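A.B. asks: The residues making up each chain are set out below.
There are 2 protein chains.
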Amino acid sequence: MKVPGKEFTPYGKPSEYEADVSRFPSPNRVMRNSGVAWTPLHLLEGSITPNGLHFERHHNGVPQIDPDQHELMIHGLVKHPLKFTVDNLLRYPLRSQICFIECGGNSNAGFNKQPSRAAAGYFHGMVSCAEWTGIPLSILLHEAGIDKKAKWLIAEGGDAFVMNISIPVEKAMDDAIVALYQNGERIRPENGYPLRLVLPGWEGVLNVKWLRRLTVSDSPAMARNETSKYTELLPSGKARQFTFEMEAKSLITSPSSGMVLKDGPGLYQISGLAWTGSGKIKQVDVSTDGGRSWAQAELQGPVLPKSLTRFRIPWHWQGGPSILKSRAIDETGYIQPEREVLLANRGRHGFFHYNAIVNWEVESDGNVNHVYNRNEKENNNLGLDASWD
Amino acid sequence: MKVPGKEFTPYGKPSEYEADVSRFPSPNRVMRNSGVAWTPLHLLEGSITPNGLHFERHHNGVPQIDPDQHELMIHGLVKHPLKFTVDNLLRYPLRSQICFIECGGNSNAGFNKQPSRAAAGYFHGMVSCAEWTGIPLSILLHEAGIDKKAKWLIAEGGDAFVMNISIPVEKAMDDAIVALYQNGERIRPENGYPLRLVLPGWEGVLNVKWLRRLTVSDSPAMARNETSKYTELLPSGKARQFTFEMEAKSLITSPSSGMVLKDGPGLYQISGLAWTGSGKIKQVDVSTDGGRSWAQAELQGPVLPKSLTRFRIPWHWQGGPSILKSRAIDETGYIQPEREVLLANRGRHGFFHYNAIVNWEVESDGNVNHVYNRNEKENNNLGLDASWD
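Taken in order, these protein sequences are the chains called H and Z. Taking our numbering, the leading residue of the first sequence gets 503, the next gets one more, and so forth. Taking our numbering, the leading residue of the second sequence gets 503, the next gets one more, and so forth.
Hint data in this document are derived by calculation from the structure and do not stem from the laboratory. Predicted model only: the values in this text are computed from it and were never measured. Accuracy of the hints is not assured; some may be wrong.
It does not matter which identical chain is used: a pair holds within one copy or between any two.
Calculated lysine to aspartate or glutamate pairs in the EDC-like style (CA-CA distance at most 20 Å, straight line) [stated by the list, open to error]: (1) K508 with D891; (2) K504 with D570; (3) K504 with D568; (4) K782 with E833; (5) K653 with D720; (6) K764 with D570.
Chain H on its own, in the form it takes in the complex (with noise of 0.2 Å):
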């Protein structure tokens, strides 16, 4: 307090004694640009994604878009092909929604046969929450008068990827926004920037960034991310494709893996994060015994659909060891599944969609950890090669 303090400065960063709180990229062996970059969750609180902090997954990297230079077709099964610069955009009606957006593949270190030893923010942290602000989609079909056969729409994406994928007419008509703003600024260029995709609750994958074109068709594309990538081989032999809504998951961010209750027993307070790609998070339980007995958790209100939802419970560590759990219920009735539940439904092949409860154990040390269920079967998933393409 003695020495005068800094300037003004035109653009903030965080302190510098938080240069620890960062993403966590984890890039292809071969391709750098390709892979993941993890959110912190576990160092953050609330339920905002700082956009500095928001999840990453490329292909092949971040292009680096001049928006003066950047266009949106939208063309195929429609009455009238548009062609659309961010100027003309600006010039539609805006929407924003807060909503998370999620890998599909978040979370799938839980089929290894292995508890991770990965901080939760970098097991669990290709989900984000912002306030994304763009033109409702449906807007833009109305005005290309899409035609009655239309079934599909093939997003496309500006990167040297030219990443591709399908979504229903419905959902297009129903709550997908042509974003421009995340969090009140103009979208990141690792998060799309200038024109993102935003589809509540769906998947990640097809909330297509540097969106380009959009064509309107009477079939799905089948494309990579459809066919050999973010589908199952289930148990029945059949493939689980187009599995589009983000299920009911949860996570207790602290404490979590890694951290230490270093003051030893005492009060403490579990926070953590649920969502669901359904609507609204209606309940989520906590327990402290392994499963054995579960609390209802405070939720953080305005409960808001299709957005992370932060809850909170106050527990008082005895000292000995003790299992933490969570478990997120959603509007529909949906219930977070224990990891067998969903390792038996997905059998040998799963590596996508993994929102099995989270167990983390606390040793009377107080040092937290990663760990499987006791009772669980050896789990004989095949578990694949971690590296992202």
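Position chain Z relative to chain H; hints supplied.
C.D. replies: For chain Z alone, kept in the frame of chain H given last:
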């Protein structure tokens, strides 16, 4: 799309094409670390302000505080004086609230005899909105055991100015938060890292940054910023002091001063922000003919109390001159006043708490400028030096 994109970044930043989207510093002429830096509201959408663009107001710069060295003391009329480290505080229950913070001096160029030539954000952008997370102050005060004689808390900041100000105990026990997080991450240095007092809906100066001390007292401090500043000498000769709650206000952010409707006549979207310290915004009316007729704008839900609320309404510009106005009404029934009403109430010494209706004039060539009402009498306000101390 023909070159691979860039690699991952631990902490992201905006596109280089958005370099103009920045805070606008108005430092004091002598003390470059004092003054304000404005949020560019005219370049933002939605209701959340990204942390890098939250407005700044300092009296002696931004202290660089090591959180491990920082302590919060609560003393005075209490049974148990208490001292907390940041780690201590993190053992307490947390609460999150999305709310605006607005400087009591925001928009005060409206008192000037001539309309402002500044962009909307550099005239009205000492208001920002974020999700703040921290410990309800009531919990800490209960633990300290405040005396029955206690009526005020004197809050003190850890900056070189030693900012201090008086807060009624009722507000402290109601919804005040000792905040640690802003939009999910730790508070930025310029917004009070590591601790800020957040008083939802109340004047910015009371939201003490770098919070280090709360002295419980039976009387206010009568500090500089509640006597010679942030007060008004009224026409009656009495001073208007302790005007805590920010009154309802609104602002059209697009189109706004300095913009050009370069595409000529046609359909435009009017978009703006409304807010009130009294709770929720109930209604925003928009006029495009200088106040002769009004239409009700659509409010972007969810409308949250004491938060920035986005309103939008389509407008068919015929091409002639036009005066745009917005008028906020809050849930108490309070209606944002016209400028002449506000000036008449405040008299010759108005400088703070300007919340009058703003006029943007659209000229036939599409240029947008700030204007006053044509029928206004000569403004007899003394006008004050606009340099911030």
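A.B. asks: For every hint, state whether the structure bears it out.
C.D. replies: Here is what the structure says about each hint:
1. When the C-alpha separation of K508 and D891 is checked against a cutoff of 20 Å, the pair qualifies only between copies, where the shortest distance is 15 Å, while the shortest distance within a copy is 43 Å.
2. For a Cα distance limit of 20 Å, the shortest separation of K504 from D570 across copies, 18 Å, qualifies, whereas the shortest one inside one copy, 48 Å, does not.
3. For the identical chains of this complex, K504 and D568 are inter-copy neighbours only, at 14 Å across copies versus 46 Å inside a copy, given an alpha-carbon limit of 20 Å.
4. When the C-alpha separation of K782 and E833 is checked against a cutoff of 20 Å, the pair qualifies only within one copy, where the shortest distance is 6 Å, while the shortest distance between copies is 26 Å.
5. For the identical chains of this complex, K653 and D720 are intra-copy neighbours only, at 5 Å inside a copy versus 70 Å across copies, given an alpha-carbon limit of 20 Å.
6. For the identical chains of this complex, K764 and D570 are inter-copy neighbours only, at 15 Å across copies versus 54 Å inside a copy, given an alpha-carbon limit of 20 Å.
Of the numbered hints given earlier, the model fails none.
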